[in-house]
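Asks: Sequence:
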Amino acid sequence: MTSYEQISEKVPLVTNVPLGEQIRRESRKRNIAIGVGFLASAVVAVVLVVSLAPSSQNGNSVPILTARSSAEFGASPPGMFGDTESGKRIKRTPVVKIKQGQLQGRIIKSRKSRDYNAFLSIPYGKPPINDLRFEFFKDHVIYFYNPRNQQEAGKNGFTMRHALGAFGHLSTGDGLVGGNMALKDQALAFKWIRDNIEAFGGDPKRVVIFGNSSGSISVHAHLLSEMSRGLFQGAICESGVSIGPNFPEFALKYPEIMAGALAKELNCTDTEDSQEIVKCLKQKDVAELANSVDTVWTLTGESVSANGDTSQMFFTDTPMNLMRKGNVAKVPIIVGVNSAEEFPNAYALLKDQASIDALNENFASQILERKLHLPTDEPDLEREIREIYFNGSGTVTKEHRYGFTDLLSDHTFLHPSRVVGMLHSKHSPVYFYYCTKESEYTLRVDGKYDFEPPYGVGHADEQQYLFYYYGRYPEIKPDDSRMKFSEDMIKIWVSFARDLVPDSLAVEPWNPIQETENGMVWFQLDEKPLRKSIQP
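All residue numbers for the sequence shown refer to UniProt numbering, where the first residue is 1 and numbers rise by one.
Calculated directly from the structure, the hints in this document are not laboratory data.
Computed cross-link-like contacts, DSS-like style, restricted to lysine-lysine with a CA-CA straight-line distance of at most 27 Å:
| hint | residue 1 | residue 2 |
| --- | --- | --- |
| 1 | 109 | 91 |
| 2 | 325 | 191 |
| 3 | 398 | 351 |
| 4 | 330 | 205 |
| 5 | 109 | 477 |
| 6 | 191 | 205 |
Work the whole structure out from these sequences, hints included.
Replies: Structure below.
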(Lines of atoms letter the chains of each structure in order from A; the text may use other names.)
(Lines give C-alpha, C1' and ligand atoms only; values in the text may rest on other atoms or scores of the structure.)
Protein backbone atom coordinates (compact mmCIF):
# COMPACT_ATOMS: atom_id res chain seq x y z
CA MET A 1 0.00 0.00 0.00
CA THR A 2 1.24 3.44 -0.86
CA SER A 3 2.05 5.33 2.33
CA TYR A 4 0.70 8.78 3.09
CA GLU A 5 4.21 10.16 2.92
CA GLN A 6 4.55 8.88 -0.66
CA ILE A 7 1.22 10.38 -1.63
CA SER A 8 2.00 13.72 -0.02
CA GLU A 9 5.32 13.92 -1.86
CA LYS A 10 3.30 14.00 -5.08
CA VAL A 11 0.57 16.27 -3.77
CA PRO A 12 1.43 18.10 -0.52
CA LEU A 13 -1.29 18.64 2.06
CA VAL A 14 -3.63 16.00 0.73
CA THR A 15 -4.90 14.30 3.86
CA ASN A 16 -3.28 12.93 6.95
CA VAL A 17 -4.14 9.28 6.59
CA PRO A 18 -2.26 7.75 9.55
CA LEU A 19 -3.12 10.48 12.05
CA GLY A 20 -6.77 10.70 11.10
CA GLU A 21 -7.35 6.97 11.07
CA GLN A 22 -5.46 6.31 14.29
CA ILE A 23 -7.25 9.07 16.18
CA ARG A 24 -10.61 7.86 14.95
CA ARG A 25 -9.82 4.27 15.83
CA GLU A 26 -9.33 5.34 19.44
CA SER A 27 -12.32 7.70 19.36
CA ARG A 28 -14.73 5.10 18.03
CA LYS A 29 -13.83 2.75 20.85
CA ARG A 30 -15.65 5.35 22.95
CA ASN A 31 -18.61 5.49 20.52
CA ILE A 32 -17.49 8.82 19.14
CA ALA A 33 -18.35 9.18 15.47
CA ILE A 34 -17.06 11.55 12.85
CA GLY A 35 -19.12 14.20 11.18
CA VAL A 36 -18.80 18.28 10.56
CA GLY A 37 -19.72 21.87 10.05
CA PHE A 38 -17.97 24.37 7.85
CA LEU A 39 -17.95 27.99 8.96
CA ALA A 40 -17.52 30.88 6.53
CA SER A 41 -14.28 32.71 7.10
CA ALA A 42 -16.04 35.98 7.86
CA VAL A 43 -17.73 34.77 11.02
CA VAL A 44 -15.08 34.11 13.63
CA ALA A 45 -12.01 36.23 14.18
CA VAL A 46 -9.19 36.42 16.72
CA VAL A 47 -9.28 36.04 20.46
CA LEU A 48 -6.66 37.43 22.80
CA VAL A 49 -5.95 36.48 26.36
CA VAL A 50 -3.93 38.81 28.53
CA SER A 51 -2.48 37.59 31.79
CA LEU A 52 -2.70 40.13 34.56
CA ALA A 53 -0.59 41.09 37.42
CA PRO A 54 -2.81 41.01 40.56
CA SER A 55 -5.20 43.94 40.55
CA SER A 56 -6.01 45.74 43.76
CA GLN A 57 -9.17 47.15 42.22
CA ASN A 58 -11.12 43.96 41.54
CA GLY A 59 -8.95 41.04 42.56
CA ASN A 60 -9.04 39.49 39.09
CA SER A 61 -5.83 37.90 37.92
CA VAL A 62 -6.21 37.50 34.15
CA PRO A 63 -8.22 39.68 31.76
CA ILE A 64 -9.13 38.15 28.41
CA LEU A 65 -9.25 40.21 25.25
CA THR A 66 -11.13 38.61 22.39
CA ALA A 67 -11.51 39.60 18.78
CA ARG A 68 -14.49 38.77 16.62
CA SER A 69 -15.74 39.97 13.28
CA SER A 70 -18.44 42.55 12.66
CA ALA A 71 -20.43 39.80 10.92
CA GLU A 72 -21.03 38.22 14.30
CA PHE A 73 -21.98 41.33 16.23
CA GLY A 74 -23.86 43.32 13.59
CA ALA A 75 -23.74 47.11 13.64
CA SER A 76 -23.39 47.32 17.41
CA PRO A 77 -24.15 45.09 20.39
CA PRO A 78 -27.54 45.65 22.04
CA GLY A 79 -27.48 48.27 24.75
CA MET A 80 -24.10 49.65 23.75
CA PHE A 81 -25.30 53.21 24.06
CA GLY A 82 -27.35 54.92 26.75
CA ASP A 83 -27.78 54.33 30.45
CA THR A 84 -30.77 51.99 30.37
CA GLU A 85 -31.46 48.59 28.88
CA SER A 86 -34.82 46.78 29.04
CA GLY A 87 -35.99 49.38 31.52
CA LYS A 88 -33.12 48.73 33.93
CA ARG A 89 -30.54 51.24 35.01
CA ILE A 90 -27.07 50.27 33.78
CA LYS A 91 -24.38 50.07 36.42
CA ARG A 92 -21.20 51.92 35.48
CA THR A 93 -17.59 51.02 36.22
CA PRO A 94 -14.98 53.33 37.68
CA VAL A 95 -13.27 55.58 35.13
CA VAL A 96 -10.11 54.13 33.57
CA LYS A 97 -7.44 56.46 32.20
CA ILE A 98 -5.61 55.39 29.03
CA LYS A 99 -3.32 57.26 26.64
CA GLN A 100 -6.18 58.36 24.37
CA GLY A 101 -8.35 59.66 27.21
CA GLN A 102 -10.76 58.27 29.78
CA LEU A 103 -13.07 55.25 29.60
CA GLN A 104 -16.09 54.28 31.63
CA GLY A 105 -17.59 50.86 31.12
CA ARG A 106 -20.63 49.00 32.35
CA ILE A 107 -21.07 46.17 34.84
CA ILE A 108 -22.51 43.01 33.29
CA LYS A 109 -23.58 39.68 34.79
CA SER A 110 -21.83 36.47 33.81
CA ARG A 111 -23.76 33.24 33.26
CA LYS A 112 -23.46 32.52 36.99
CA SER A 113 -24.53 36.07 37.89
CA ARG A 114 -21.03 37.23 38.71
CA ASP A 115 -20.39 40.93 38.06
CA TYR A 116 -17.66 41.89 35.62
CA ASN A 117 -16.61 45.10 33.91
CA ALA A 118 -17.25 45.62 30.20
CA PHE A 119 -15.75 48.49 28.21
CA LEU A 120 -17.55 48.75 24.87
CA SER A 121 -16.76 50.50 21.60
CA ILE A 122 -13.16 51.53 22.27
CA PRO A 123 -11.70 52.87 18.99
CA TYR A 124 -8.11 51.95 18.18
CA GLY A 125 -7.82 52.97 14.51
CA LYS A 126 -9.35 55.18 11.86
CA PRO A 127 -12.32 53.65 10.00
CA PRO A 128 -11.34 52.83 6.36
CA ILE A 129 -14.36 54.44 4.72
CA ASN A 130 -14.89 56.58 1.60
CA ASP A 131 -11.50 57.55 0.09
CA LEU A 132 -9.72 55.74 2.94
CA ARG A 133 -11.06 52.37 1.75
CA PHE A 134 -8.27 49.74 1.42
CA GLU A 135 -5.85 51.93 3.40
CA PHE A 136 -3.82 50.88 6.44
CA PHE A 137 -3.21 53.26 9.35
CA LYS A 138 -0.65 53.25 12.11
CA ASP A 139 -2.87 55.55 14.20
CA HIS A 140 -5.05 54.70 16.99
CA VAL A 141 -11.43 51.17 12.86
CA ILE A 142 -12.07 48.71 15.21
CA TYR A 143 -13.65 48.32 18.58
CA PHE A 144 -13.14 46.17 21.64
CA TYR A 145 -15.94 44.21 23.28
CA ASN A 146 -16.17 41.75 26.14
CA PRO A 147 -16.73 37.94 26.31
CA ARG A 148 -18.87 36.38 29.03
CA ASN A 149 -17.97 32.85 29.99
CA GLN A 150 -14.31 33.47 30.84
CA GLN A 151 -15.46 35.76 33.61
CA GLU A 152 -16.37 32.67 35.64
CA ALA A 153 -12.65 31.95 35.91
CA GLY A 154 -12.06 35.44 37.31
CA LYS A 155 -10.99 37.04 34.03
CA ASN A 156 -11.68 40.30 32.26
CA GLY A 157 -12.07 40.45 28.49
CA PHE A 158 -12.46 42.33 25.25
CA THR A 159 -13.29 41.50 21.64
CA MET A 160 -12.26 43.45 18.56
CA ARG A 161 -13.57 44.23 15.10
CA HIS A 162 -11.49 44.32 11.95
CA ALA A 163 -12.01 44.68 8.21
CA LEU A 164 -13.32 41.65 6.29
CA GLY A 165 -13.23 40.36 2.72
CA ALA A 166 -11.95 42.81 0.13
CA PHE A 167 -11.89 45.56 2.76
CA GLY A 168 -9.38 43.58 4.79
CA HIS A 169 -7.48 41.44 2.30
CA LEU A 170 -7.39 43.00 -1.17
CA SER A 171 -3.90 43.34 -2.67
CA THR A 172 -2.90 44.66 -6.09
CA GLY A 173 0.57 43.14 -5.81
CA ASP A 174 2.31 46.38 -6.75
CA GLY A 175 2.05 48.29 -3.48
CA LEU A 176 -0.95 50.42 -4.43
CA VAL A 177 -3.12 48.35 -2.11
CA GLY A 178 -0.77 46.58 0.23
CA GLY A 179 -2.96 43.66 1.28
CA ASN A 180 -3.70 41.94 4.59
CA MET A 181 -5.18 45.11 6.07
CA ALA A 182 -7.30 42.99 8.44
CA LEU A 183 -4.22 41.30 9.87
CA LYS A 184 -2.54 44.68 10.21
CA ASP A 185 -5.69 45.90 11.99
CA GLN A 186 -5.25 43.06 14.43
CA ALA A 187 -1.56 43.81 14.92
CA LEU A 188 -2.56 47.42 15.61
CA ALA A 189 -5.01 46.15 18.23
CA PHE A 190 -2.23 44.09 19.81
CA LYS A 191 -0.13 47.24 20.06
CA TRP A 192 -3.07 49.04 21.67
CA ILE A 193 -3.21 46.25 24.23
CA ARG A 194 0.52 46.48 24.84
CA ASP A 195 0.26 50.23 25.39
CA ASN A 196 -2.94 50.29 27.47
CA ILE A 197 -3.59 47.00 29.22
CA GLU A 198 -1.78 48.04 32.39
CA ALA A 199 -4.58 50.55 32.97
CA PHE A 200 -6.90 47.54 33.33
CA GLY A 201 -4.51 45.72 35.65
CA GLY A 202 -2.96 43.67 32.86
CA ASP A 203 0.59 42.68 32.05
CA PRO A 204 1.63 43.49 28.44
CA LYS A 205 4.37 40.88 28.70
CA ARG A 206 1.89 38.07 29.35
CA VAL A 207 -0.45 37.95 26.36
CA VAL A 208 -1.93 34.90 24.64
CA ILE A 209 -3.93 35.18 21.41
CA PHE A 210 -6.43 32.60 20.23
CA GLY A 211 -9.10 32.12 17.62
CA ASN A 212 -11.33 29.67 15.78
CA SER A 213 -11.68 29.06 12.03
CA SER A 214 -10.64 32.24 10.20
CA GLY A 215 -9.66 33.61 13.61
CA SER A 216 -7.37 30.62 14.04
CA ILE A 217 -5.87 31.28 10.61
CA SER A 218 -5.29 34.86 11.74
CA VAL A 219 -3.65 33.70 14.96
CA HIS A 220 -1.30 31.43 13.03
CA ALA A 221 -0.57 34.26 10.60
CA HIS A 222 0.58 36.44 13.52
CA LEU A 223 2.95 33.66 14.54
CA LEU A 224 4.60 34.10 11.13
CA SER A 225 4.65 37.90 10.86
CA GLU A 226 7.50 40.09 12.04
CA MET A 227 4.93 42.89 12.36
CA SER A 228 3.41 41.04 15.35
CA ARG A 229 6.65 39.76 16.82
CA GLY A 230 6.95 40.36 20.55
CA LEU A 231 3.31 41.44 20.98
CA PHE A 232 2.19 38.14 22.52
CA GLN A 233 3.72 35.25 24.40
CA GLY A 234 1.48 32.33 23.44
CA ALA A 235 -1.18 31.30 20.91
CA ILE A 236 -4.12 28.90 20.53
CA CYS A 237 -5.24 27.80 17.04
CA GLU A 238 -8.65 26.12 16.97
CA SER A 239 -9.46 24.52 13.61
CA GLY A 240 -7.50 26.63 11.20
CA VAL A 241 -3.95 27.38 10.07
CA SER A 242 -2.48 29.41 7.22
CA ILE A 243 -1.68 26.47 4.95
CA GLY A 244 -3.95 23.94 3.28
CA PRO A 245 -6.74 23.93 0.70
CA ASN A 246 -8.64 26.84 2.26
CA PHE A 247 -5.56 28.99 1.84
CA PRO A 248 -3.84 28.39 -1.53
CA GLU A 249 -0.41 29.96 -1.96
CA PHE A 250 -1.71 31.13 -5.34
CA ALA A 251 -3.33 34.06 -3.54
CA LEU A 252 0.02 35.02 -2.03
CA LYS A 253 2.02 34.65 -5.22
CA TYR A 254 -0.46 36.27 -7.63
CA PRO A 255 -2.59 38.80 -5.72
CA GLU A 256 -2.99 40.94 -8.83
CA ILE A 257 -4.95 38.12 -10.49
CA MET A 258 -7.26 37.95 -7.47
CA ALA A 259 -7.75 41.72 -7.65
CA GLY A 260 -8.55 41.47 -11.36
CA ALA A 261 -11.06 38.69 -10.68
CA LEU A 262 -12.79 40.87 -8.09
CA ALA A 263 -12.92 43.80 -10.51
CA LYS A 264 -14.43 41.54 -13.17
CA GLU A 265 -17.03 40.18 -10.76
CA LEU A 266 -18.07 43.74 -9.88
CA ASN A 267 -18.23 44.79 -13.55
CA CYS A 268 -15.28 47.19 -13.53
CA THR A 269 -14.28 48.26 -17.05
CA ASP A 270 -10.53 47.72 -16.54
CA THR A 271 -9.48 44.49 -14.82
CA GLU A 272 -5.72 44.76 -15.37
CA ASP A 273 -4.56 48.28 -14.48
CA SER A 274 -4.30 48.48 -10.69
CA GLN A 275 -4.98 52.24 -10.59
CA GLU A 276 -8.23 51.78 -12.50
CA ILE A 277 -9.20 48.71 -10.47
CA VAL A 278 -8.82 50.56 -7.17
CA LYS A 279 -10.63 53.62 -8.53
CA CYS A 280 -13.55 51.43 -9.60
CA LEU A 281 -13.70 49.44 -6.36
CA LYS A 282 -13.72 52.58 -4.23
CA GLN A 283 -16.87 53.65 -6.04
CA LYS A 284 -18.69 50.37 -5.45
CA ASP A 285 -21.41 49.99 -2.86
CA VAL A 286 -20.28 48.53 0.45
CA ALA A 287 -22.78 45.68 0.12
CA GLU A 288 -21.42 44.72 -3.31
CA LEU A 289 -17.91 44.43 -1.94
CA ALA A 290 -19.07 42.60 1.16
CA ASN A 291 -20.93 40.03 -0.95
CA SER A 292 -17.78 39.36 -2.97
CA VAL A 293 -15.93 37.92 0.03
CA ASP A 294 -15.35 34.54 -1.66
CA THR A 295 -13.33 36.20 -4.41
CA VAL A 296 -10.70 37.54 -2.01
CA TRP A 297 -8.79 34.95 -0.01
CA THR A 298 -8.19 35.31 3.69
CA LEU A 299 -4.49 36.04 3.26
CA THR A 300 -2.96 37.86 0.31
CA GLY A 301 0.46 38.58 -1.15
CA GLU A 302 2.25 41.87 -0.71
CA SER A 303 5.02 43.68 -2.58
CA VAL A 304 8.37 44.96 -1.40
CA SER A 305 8.75 48.73 -1.77
CA ALA A 306 11.19 50.15 -4.31
CA ASN A 307 13.77 50.85 -1.59
CA GLY A 308 13.52 47.31 -0.22
CA ASP A 309 11.62 48.31 2.93
CA THR A 310 9.56 45.42 4.30
CA SER A 311 8.45 47.07 7.54
CA GLN A 312 4.87 47.55 6.31
CA MET A 313 4.57 43.99 4.96
CA PHE A 314 2.68 41.49 7.05
CA PHE A 315 4.15 38.51 5.19
CA THR A 316 7.70 38.62 3.86
CA ASP A 317 7.39 35.11 2.39
CA THR A 318 4.82 32.33 2.07
CA PRO A 319 3.67 30.70 5.33
CA MET A 320 5.29 27.38 4.46
CA ASN A 321 8.63 28.99 3.65
CA LEU A 322 8.56 31.03 6.86
CA MET A 323 7.94 27.90 8.92
CA ARG A 324 10.60 25.90 7.13
CA LYS A 325 13.12 28.69 7.72
CA GLY A 326 12.14 28.96 11.37
CA ASN A 327 11.17 32.61 10.91
CA VAL A 328 8.31 32.28 13.40
CA ALA A 329 7.38 33.53 16.85
CA LYS A 330 9.02 31.06 19.20
CA VAL A 331 6.22 30.89 21.76
CA PRO A 332 4.16 28.01 23.22
CA ILE A 333 1.19 27.02 21.05
CA ILE A 334 -1.99 24.97 21.41
CA VAL A 335 -3.25 23.71 18.05
CA GLY A 336 -6.05 21.28 17.33
CA VAL A 337 -9.21 20.27 15.51
CA ASN A 338 -12.64 18.80 16.13
CA SER A 339 -13.53 15.20 15.32
CA ALA A 340 -15.95 16.00 12.47
CA GLU A 341 -14.98 19.34 10.98
CA GLU A 342 -16.55 18.75 7.55
CA PHE A 343 -19.83 16.92 8.06
CA PRO A 344 -22.16 19.39 6.21
CA ASN A 345 -19.99 19.23 3.10
CA ALA A 346 -19.71 15.46 3.42
CA TYR A 347 -23.43 14.94 3.98
CA ALA A 348 -24.24 17.19 1.02
CA LEU A 349 -22.47 14.68 -1.23
CA LEU A 350 -24.92 11.99 -0.09
CA LYS A 351 -28.11 14.03 0.25
CA ASP A 352 -30.13 11.96 -2.24
CA GLN A 353 -29.79 9.02 -4.60
CA ALA A 354 -29.11 11.26 -7.60
CA SER A 355 -26.11 12.78 -5.79
CA ILE A 356 -24.83 9.33 -4.82
CA ASP A 357 -25.20 8.07 -8.40
CA ALA A 358 -23.27 11.10 -9.66
CA LEU A 359 -20.47 10.32 -7.20
CA ASN A 360 -20.18 6.75 -8.37
CA GLU A 361 -20.17 7.79 -12.02
CA ASN A 362 -17.61 10.57 -11.59
CA PHE A 363 -15.72 9.86 -8.36
CA ALA A 364 -12.38 11.07 -9.73
CA SER A 365 -13.64 14.43 -10.96
CA GLN A 366 -16.05 15.12 -8.09
CA ILE A 367 -13.81 14.02 -5.21
CA LEU A 368 -10.19 13.94 -6.33
CA GLU A 369 -10.32 17.02 -8.54
CA ARG A 370 -13.02 19.25 -7.04
CA LYS A 371 -12.77 18.41 -3.34
CA LEU A 372 -9.14 17.35 -2.89
CA HIS A 373 -7.50 19.22 -5.81
CA LEU A 374 -5.67 16.05 -6.83
CA PRO A 375 -4.81 14.65 -10.27
CA THR A 376 -7.44 12.34 -11.73
CA ASP A 377 -5.08 10.25 -13.85
CA GLU A 378 -3.42 8.27 -11.03
CA PRO A 379 -5.43 5.08 -10.36
CA ASP A 380 -3.27 4.14 -7.37
CA LEU A 381 -4.20 7.39 -5.63
CA GLU A 382 -7.93 6.78 -6.00
CA ARG A 383 -7.48 3.16 -4.95
CA GLU A 384 -5.63 4.15 -1.78
CA ILE A 385 -8.28 6.72 -0.85
CA ARG A 386 -11.03 4.15 -1.34
CA GLU A 387 -9.09 1.61 0.70
CA ILE A 388 -8.48 3.97 3.62
CA TYR A 389 -11.79 5.82 3.81
CA PHE A 390 -14.35 3.46 2.23
CA ASN A 391 -12.99 0.02 3.21
CA GLY A 392 -11.90 -0.59 -0.35
CA SER A 393 -15.44 -0.30 -1.72
CA GLY A 394 -15.70 0.53 -5.41
CA THR A 395 -19.22 1.88 -4.88
CA VAL A 396 -20.11 4.54 -2.33
CA THR A 397 -23.42 4.61 -0.48
CA LYS A 398 -25.11 6.67 2.19
CA GLU A 399 -23.43 4.39 4.73
CA HIS A 400 -20.08 5.95 3.82
CA ARG A 401 -20.96 9.30 5.45
CA TYR A 402 -18.22 8.88 8.07
CA GLY A 403 -15.68 8.05 5.39
CA PHE A 404 -16.49 11.20 3.42
CA THR A 405 -16.46 13.28 6.60
CA ASP A 406 -13.08 11.84 7.57
CA LEU A 407 -11.63 12.38 4.12
CA LEU A 408 -12.68 16.02 3.81
CA SER A 409 -11.85 16.83 7.45
CA ASP A 410 -8.38 15.31 7.20
CA HIS A 411 -7.70 17.19 3.98
CA THR A 412 -8.94 20.59 5.09
CA PHE A 413 -8.16 20.70 8.82
CA LEU A 414 -6.39 17.77 10.44
CA HIS A 415 -3.37 17.33 8.20
CA PRO A 416 -2.56 21.07 7.79
CA SER A 417 -2.82 21.49 11.57
CA ARG A 418 -0.50 18.54 12.16
CA VAL A 419 2.06 19.88 9.67
CA VAL A 420 1.99 23.29 11.34
CA GLY A 421 2.29 21.73 14.77
CA MET A 422 5.31 19.65 13.84
CA LEU A 423 7.10 22.55 12.12
CA HIS A 424 6.57 24.90 15.06
CA SER A 425 7.55 22.19 17.56
CA LYS A 426 11.13 22.49 16.32
CA HIS A 427 11.30 25.91 18.00
CA SER A 428 8.82 25.92 20.89
CA PRO A 429 6.37 23.66 22.79
CA VAL A 430 3.27 22.73 20.79
CA TYR A 431 0.26 21.06 22.45
CA PHE A 432 -2.02 19.21 20.02
CA TYR A 433 -5.67 18.43 20.87
CA TYR A 434 -8.51 16.52 19.22
CA CYS A 435 -11.99 17.44 20.48
CA THR A 436 -14.51 14.59 20.66
CA LYS A 437 -17.04 16.12 23.07
CA GLU A 438 -20.20 16.05 20.96
CA SER A 439 -23.11 18.31 21.83
CA GLU A 440 -26.70 18.06 20.65
CA TYR A 441 -26.17 21.55 19.22
CA THR A 442 -24.10 22.20 16.12
CA LEU A 443 -23.36 25.28 14.05
CA ARG A 444 -24.36 23.74 10.73
CA VAL A 445 -27.20 21.23 10.52
CA ASP A 446 -27.39 21.00 6.72
CA GLY A 447 -28.59 17.49 5.97
CA LYS A 448 -27.70 16.32 9.47
CA TYR A 449 -31.11 14.99 10.41
CA ASP A 450 -31.30 12.78 7.34
CA PHE A 451 -28.83 10.59 9.23
CA GLU A 452 -28.87 8.91 12.61
CA PRO A 453 -26.51 10.06 15.38
CA PRO A 454 -23.74 10.14 16.40
CA TYR A 455 -22.33 12.87 14.17
CA GLY A 456 -19.10 13.99 15.80
CA VAL A 457 -17.95 17.49 16.71
CA GLY A 458 -18.54 19.89 13.83
CA HIS A 459 -16.53 22.92 12.82
CA ALA A 460 -16.64 25.63 15.51
CA ASP A 461 -18.83 23.52 17.80
CA GLU A 462 -16.28 23.74 20.62
CA GLN A 463 -16.95 27.47 20.74
CA GLN A 464 -20.24 26.92 22.58
CA TYR A 465 -18.19 25.73 25.56
CA LEU A 466 -16.00 28.86 25.58
CA PHE A 467 -18.43 31.66 24.71
CA TYR A 468 -22.04 32.62 24.73
CA TYR A 469 -22.27 32.53 20.96
CA TYR A 470 -24.97 35.15 20.39
CA GLY A 471 -27.81 32.85 19.38
CA ARG A 472 -25.84 30.33 17.35
CA TYR A 473 -25.95 27.92 20.28
CA PRO A 474 -28.26 28.06 23.31
CA GLU A 475 -26.61 29.72 26.28
CA ILE A 476 -25.20 27.25 28.79
CA LYS A 477 -27.14 27.62 32.03
CA PRO A 478 -25.96 26.27 35.41
CA ASP A 479 -28.16 23.16 35.09
CA ASP A 480 -27.12 22.50 31.46
CA SER A 481 -25.48 19.12 30.78
CA ARG A 482 -22.75 20.99 28.89
CA MET A 483 -21.76 23.09 31.91
CA LYS A 484 -19.13 20.76 33.39
CA PHE A 485 -17.22 20.35 30.14
CA SER A 486 -17.52 24.09 29.46
CA GLU A 487 -16.00 24.88 32.85
CA ASP A 488 -13.20 22.37 32.30
CA MET A 489 -12.32 23.65 28.84
CA ILE A 490 -12.25 27.24 30.08
CA LYS A 491 -9.98 26.19 32.96
CA ILE A 492 -7.58 24.51 30.53
CA TRP A 493 -7.46 27.52 28.21
CA VAL A 494 -7.04 29.95 31.12
CA SER A 495 -4.28 27.81 32.64
CA PHE A 496 -2.42 28.14 29.36
CA ALA A 497 -2.93 31.91 29.40
CA ARG A 498 -1.57 32.03 32.92
CA ASP A 499 1.32 29.56 32.77
CA LEU A 500 1.87 28.92 29.03
CA VAL A 501 1.40 25.24 29.90
CA PRO A 502 -2.13 23.76 29.71
CA ASP A 503 -3.44 22.01 32.81
CA SER A 504 -4.90 18.77 31.49
CA LEU A 505 -7.22 18.27 34.51
CA ALA A 506 -6.34 14.60 34.01
CA VAL A 507 -4.10 12.04 35.66
CA GLU A 508 -1.38 12.46 33.05
CA PRO A 509 0.01 15.87 32.03
CA TRP A 510 -0.64 17.30 28.59
CA ASN A 511 2.86 17.16 27.14
CA PRO A 512 4.07 18.90 23.98
CA ILE A 513 3.68 16.88 20.79
CA GLN A 514 6.46 14.68 19.58
CA GLU A 515 6.84 11.98 16.98
CA THR A 516 7.29 8.54 18.52
CA GLU A 517 7.47 5.03 17.15
CA ASN A 518 3.74 4.75 17.80
CA GLY A 519 2.81 8.02 16.10
CA MET A 520 2.14 11.51 17.42
CA VAL A 521 1.26 12.24 21.03
CA TRP A 522 -2.04 14.10 21.25
CA PHE A 523 -4.64 15.14 23.81
CA GLN A 524 -8.30 14.22 23.64
CA LEU A 525 -10.79 16.86 24.77
CA ASP A 526 -13.85 15.09 26.13
CA GLU A 527 -15.71 14.58 29.40
CA LYS A 528 -12.57 13.04 30.88
CA PRO A 529 -9.66 14.61 28.98
CA LEU A 530 -6.81 12.15 28.65
CA ARG A 531 -3.43 12.29 27.04
CA LYS A 532 -3.17 9.62 24.37
CA SER A 533 -0.54 8.22 22.05
CA ILE A 534 -1.76 7.27 18.61
CA GLN A 535 -1.23 3.60 17.88
CA PRO A 536 -0.32 2.37 14.38
